[in-house]
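By this note's numbering, the letter at position 39 of the sequence shown is numbered 203, and the numbering carries on one by one without gaps.
Since the hints were derived computationally from the structure, they do not count as laboratory data. Here the structure is a predicted model, which is why all the values come from computation and not from measurement. The beta carbon of each residue, even a glycine, is placed where N, CA and C say it ideally should be. Any given hint might turn out to be false.
[Claimed, not checked] Per label pair, the in silico range of CB-to-CB distance:
hint, residue 1, residue 2, range
1, Arg227, Arg277, 28 to 36 Å
2, Pro233, Gly201, 13 to 21 Å
3, Arg277, Val224, 13 to 21 Å
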Amino acid sequence: SQDKGGGGGSQDKGGGGGSQDKGGGGGGSAGGADEDGIATSIVDGIKRSNGELTWRAEVVVPREGGAGPLGKRGTTAIRGPNRTDKDVVRDDIEKLVEAYKTGGANEIRKVQRELNQSWVKK
Numbered sequence: 165s166q167d168k169g170g171g172g173g174s175q176d177k178g179g180g181g182g183s184q185d186k187g188g189g190g191g192g193s194a195g196g197a198d199e200d201g202i203a204t205s206i207v208d209g210i211k212r213s214n215g216e217l218t219w220r221a222e223v224v225v226p227r228e229g230g231a232g233p234l235g236k237r238g239t240t241a242i243r244g245p246n247r248t249d250k251d252v253v254r255d256d257i258e259k260l261v262e263a264y265k266t267g268g269a270n271e272i273r274k275v276q277r278e279l280n281q282s283w284v285k286k
């Protein structure tokens, strides 16, 4: 399950005492979206079994298609794998942002899958 506000869930969005490093890489902006509507942040990941902290890239992009029934376009959060090194997370952010800018939603999802399948190598 996902826990978006407190502790105890398998994913913590930083609301349960965790920290969020807004704009931690890849041309991210501090808490807001850039001119393309892309916002980036480094969010807390799940602790490893040995207690080591991890972090994840989070890139929020506008949804494809027109406005919804309320006139809003909406956004989608794309997250990378858990990493033990924030520099690797910043690299993940750069790759995800570049993928979105060059190929849109399909390309960013492709890169997300590649990153999530590569976590064993890092």
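Hint by hint, here is what the structure shows:
1. Arg227 with Arg277: 28 to 36 Å: Hint violated: Cβ distance 19 Å, outside 28 to 36 Å.
2. Pro233 with Gly201: 13 to 21 Å: holds, 20 Å
3. Arg277 with Val224: 13 to 21 Å: holds, 18 Å
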